[in-house]
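Enquirer: Take these sequences, add in the hints, and give me the full structure.
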Amino acid sequence: MRKVVNIDIAGQRLVGTYHLPENGDGPSSARDVAVLILNFAQLPRAGLADMSVHLADEHAANGFPAFRFDMPGLGDSPGELPRSERLLWDFTENGGYAQCAAALVEQLIQRFELRGIVLGGLCGGAITSLFAADQWPAGVLGLILLEPTYFLVGSPGSQMPGRTPRKKNALRNGKSNLRQRLLTTLKNNADSIWLRPLRKGFLSLRHGRDRIFGPRFPDGINHPLVLASRRVAARALPILCVNAGSKQRWLHQYQVFGHVKGRRITFVEIEGTNHMLVPGGGQAKVVEQVGSWLRKTYRASHL
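The numbers in the sequence shown follow my numbering, run straight up by one, and end at 454.
The hints are simulated quantities; they were obtained by calculation from the structure and are not laboratory data. Accuracy of the hints is not assured; some may be wrong.
Stated by the list, open to error - Result set (DSS-like, lysine-lysine): computed pairs, CA atoms no more than 30 Å apart in a straight line: (1) Lys412 to Lys447; (2) Lys154 to Lys398; (3) Lys447 to Lys398; (4) Lys436 to Lys154; (5) Lys436 to Lys447; (6) Lys398 to Lys436; (7) Lys398 to Lys412.
Expert: Structural data, given as structure tokens:
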């Protein structure tokens, strides 16, 4: 069962959908822990191919109250938007929606008498969730990060709308291509007995360099988001990070979170899909993985 819910945040009306939980099927009820799914970038709260709807339905079926809300100016929530998509992304990447999302968490907890909320979303929704959990941690019990993007719009690694690839000179471009071919060869042939020593040596050198100088991020990284992510993870907050394949494995598991002590992060890679996690059966796999993580994390133990 679903209901439309309106929440007022500092005079701003936010419109959302409440997926009422079904009866829990375990010894401890999940009803006091809810899930809040934020906009996937500029998309309305249903998400691409109704991804958010399917996620919320799954959570409610497992006894978790689930909410999908539009941030100001997106979907059904009134409000002004930046004049261009690029400016909207700049706003999102700088944590522009974080305070609103945190206030929404607080309001939902009070109104529905919840112990706390697991906050999340895809891409832009993951960015907002990280900034909100970092700046206003009260009430956030965990994070669901679907394809969190640490590259700024317009950077070489960006997967956002409005990407404008940066031009490189021929020498730098040649070095970059050679390095990428080497990394791809080592990754795709990780189990090869001939390449195993080379891969081990390469990783050892990279780890050693990073220990001395710190992780060397690619160009265009959102450094404030990286720092926020580390602070959140250092609180031992349960985090689920879902990615399309292994392309971002080194960045996420080592460069962003690798040296965070006490982290409680579950990394999941969905093969055969893309950044939106829909094609190639990606959506069904995401719903299954997120549902399994929620049940395991918030039913088996009380945080």
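Enquirer: Hint by hint, note whether the structure agrees.
Expert: Evaluated hints:
A hinted pair counts as satisfied when its Cα atoms are at most 30 Å apart, and Lys412 with Lys447 qualifies at roughly 22 Å. Under the criterion of a C-alpha separation no larger than 30 Å, the hint pairing Lys154 with Lys398 is inconsistent with the structure, at around 38 Å. The suggested pairing of Lys447 with Lys398 holds, with an alpha-carbon distance near 27 Å, which does not exceed 30 Å. Distance check on the hinted pair: Lys436 and Lys154 sit about 26 Å apart at the alpha-carbon level, within 30 Å; holds.
For the hint pairing Lys436 with Lys447, the CA-to-CA distance comes to about 16 Å; that is within 30 Å, so the pair holds. The suggested pairing of Lys398 with Lys436 holds, with an alpha-carbon distance near 18 Å, which does not exceed 30 Å. Restraint check: the Cα-Cα separation between Lys398 and Lys412 comes to about 24 Å, which is no more than 30 Å; the hinted pair holds.
Hint 2 from the earlier list is the only one contradicted by this structure; the remaining hints agree with it.
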